Amino acid sequence: MLKILFFAALRERLACANTTLDITGQHLTAREVLNKLASQSAHWQQHLANAELLCAVNQQLVDLSHPVAAGDELAFFPPVTGG
Amino acid sequence: MLKILFFAALRERLACANTTLDITGQHLTAREVLNKLASQSAHWQQHLANAELLCAVNQQLVDLSHPVAAGDELAFFPPVTGG
Amino acid sequence: MTLRIQVQQQDFSVASEYELLRQDARCGAVVTFTGLVRELAEAELLGMTLEHYPGMTEQALTQIATEAQQRWQLGAVSIIHRIGTLLPNEQIVFVGVASAHRAAGFAAGEFIMDYLKNRAPFWKKEHTSSGEYWVAAKVSDQAALKRWE
Amino acid sequence: MTLRIQVQQQDFSVASEYELLRQDARCGAVVTFTGLVRELAEAELLGMTLEHYPGMTEQALTQIATEAQQRWQLGAVSIIHRIGTLLPNEQIVFVGVASAHRAAGFAAGEFIMDYLKNRAPFWKKEHTSSGEYWVAAKVSDQAALKRWE
Numbered sequence: 212m213l214k215i216l217f218f219a220a221l222r223e224r225l226a227c228a229n230t231t232l233d234i235t236g237q238h239l240t241a242r243e244v245l246n247k248l249a250s251q252s253a254h255w256q257q258h259l260a261n262a263e264l265l266c267a268v269n270q271q272l273v274d275l276s277h278p279v280a281a282g283d284e285l286a287f288f289p290p291v292t293g294g
Numbered sequence: 212m213l214k215i216l217f218f219a220a221l222r223e224r225l226a227c228a229n230t231t232l233d234i235t236g237q238h239l240t241a242r243e244v245l246n247k248l249a250s251q252s253a254h255w256q257q258h259l260a261n262a263e264l265l266c267a268v269n270q271q272l273v274d275l276s277h278p279v280a281a282g283d284e285l286a287f288f289p290p291v292t293g294g
Numbered sequence: 204m205t206l207r208i209q210v211q212q213q214d215f216s217v218a219s220e221y222e223l224l225r226q227d228a229r230c231g232a233v234v235t236f237t238g239l240v241r242e243l244a245e246a247e248l249l250g251m252t253l254e255h256y257p258g259m260t261e262q263a264l265t266q267i268a269t270e271a272q273q274r275w276q277l278g279a280v281s282i283i284h285r286i287g288t289l290l291p292n293e294q295i296v297f298v299g300v301a302s303a304h305r306a307a308g309f310a311a312g313e314f315i316m317d318y319l320k321n322r323a324p325f326w327k328k329e330h331t332s333s334g335e336y337w338v339a340a341k342v343s344d345q346a347a348l349k350r351w352e
Numbered sequence: 204m205t206l207r208i209q210v211q212q213q214d215f216s217v218a219s220e221y222e223l224l225r226q227d228a229r230c231g232a233v234v235t236f237t238g239l240v241r242e243l244a245e246a247e248l249l250g251m252t253l254e255h256y257p258g259m260t261e262q263a264l265t266q267i268a269t270e271a272q273q274r275w276q277l278g279a280v281s282i283i284h285r286i287g288t289l290l291p292n293e294q295i296v297f298v299g300v301a302s303a304h305r306a307a308g309f310a311a312g313e314f315i316m317d318y319l320k321n322r323a324p325f326w327k328k329e330h331t332s333s334g335e336y337w338v339a340a341k342v343s344d345q346a347a348l349k350r351w352e
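Residue numbers (our numbering), protein chains in the order written: chain D, 212 to 294; chain Z, 212 to 294; chain H, 204 to 352; chain R, 204 to 352.
The following block holds chain D by itself, in its conformation from the complex (with noise of 0.2 Å):
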């Protein structure tokens, strides 16, 4: 299983905090992942086609070429603003 996060005001529009994908078996970027879940549906297809979203993988900031296996954690947010 891969664990996977949404993060501040895509958490929102996409209305959930957390989801799992079963990846069992392939190799898979981040990328690749990020286009499995914009495939569930057209609002979800809509917020998470952001050229600007944000991707850490076991909590590193990483690109969306970073490839990711069962067991890690994907995280996916906008561009942070804290400070």
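No lab work stands behind these hints: they were computed from the structure.
Just so you know, these numbers come straight off a predicted model, no measurement behind them.
Some hints could be false.
[As the list claims (entries may be wrong)] Residues from chain R shown here face chain Z by an in silico Cβ test under 8 Å; the list is partial: (1) Leu-253; (2) Tyr-256; (3) Gly-258; (4) His-284; (5) Val-296; (6) Leu-319; (7) Lys-320; (8) Asn-321; (9) Trp-326; (10) Val-338; (11) Ala-340.
Note that the Cβ used here is the ideal one computed from N, Cα and C, for glycine as well.
Once you have looked at the hints, place chains Z, H and R on chain D.
Chains Z, H and R only, in chain D's frame:
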């Protein structure tokens, strides 16, 4: 009268914190005053002939080419080291 | 090279953090930055909520501070970031750096803030008299990273 | 744009200065710098004496702060410089700047310190286990001015 002040290492080396010079009717620069003071003794010559000395006229940092007049406060001191 | 990283709901004391930072006898300089909830030009700000990514925030801040400690000779570094609901003029973030000389302290403090603004997973939602809005990332914050490359 | 300039023998409180600086609701950033008497590499430091040019110091600091307020959009600025005898780890100087945004605060704080180091008439004499020495001006302090030209 011109009021002349010395500070820090220069004050200690000259063993003088302040002095006066009668410059009535003269048009002098700070450098010319410095030369007058230096000519008073070999000891003063030695310590005033220091290319690094800074100069203030009426409490404003200025170049040695700055003019001085009777009633002014002229100060000579080593490079500052506060902060 | 001690490092204190705190992500917390409760307020912090700049005075206490400063007292810790100034302990190192080899350090002649302490630079602190404090970020506060400031009023808006366009609407009355009632407060804000700070969301974060638990676990990742602490890691991101530790990485940023460690990178600063590799770039400059530093003594103690302290970073505090608050989460939850904050009122106008409340403290949001603190970055404190002790160093032998001032140039390293100023540079490291600004470096940490510039990276925190772009890399640490915090998000602000402003509550104003005309509604609630997620704060948009600023181009100037991205631009601020350029000079550290 | 309030400005506080203090040249004094007694110690100061960073906490109190910070509390004054953070009052302005338009300011989202407070940067502070504190300079401390630090230990020497070459000898045991017993303390130092700070000499100054009474009257000129206050004017020089006011001019430096005013120049900073012309270069950057600032709220309150506070500069404190101590004189007289100081012991190791005592506070020497404080520069605090409140501003709307952090970049102005960091820049103004460093600008003020760089100019103070080169233009404000203070002189340090170190008392060490091997004698008393007037501190020599540092080439790095002169070099620091270049980038503000």
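R/Val-296 as an interface hint toward chain Z, with CB separation required under 8 Å: 5 Å, holds
Residue hint R/Ala-340, partner chain Z, criterion CB-CB below 8 Å: For R/Ala-340, the interface hint holds, since the closest Cβ of chain Z sits about 3 Å away, which is under 8 Å.
Proposed interface contact between R/Tyr-256 and chain Z, which counts if any beta carbon pair is under 8 Å: 6 Å, holds
Hint check, R/His-284 versus chain Z [nearest Cβ-Cβ separation less than 8 Å]: 6 Å, holds
R/Lys-320 as an interface hint toward chain Z, with CB separation required under 8 Å: 4 Å, holds
Interface restraint verdict for R/Val-338 against chain Z (beta-carbon cut-off 8 Å): Hint on R/Val-338: holds, closest Cβ of chain Z at ~4 Å, below 8 Å.
Interface restraint verdict for R/Leu-319 against chain Z (beta-carbon cut-off 8 Å): 5 Å, holds
Minimum beta-carbon distance criterion (8 Å), R/Gly-258 to chain Z: For R/Gly-258, the interface hint holds, since the closest Cβ of chain Z sits about 6 Å away, which is under 8 Å.
Given hint R/Leu-253 near chain Z, where the shortest CB pair must fall under 8 Å: 7 Å, holds
Per-residue hint verdict: R/Trp-326, partner chain Z, C-beta under 8 Å: 4 Å, holds
Status of the R/Asn-321 interface restraint (C-beta, 8 Å, chain Z): 7 Å, holds
Figure legend: structure checked against the earlier numbered hints; every hint is met.
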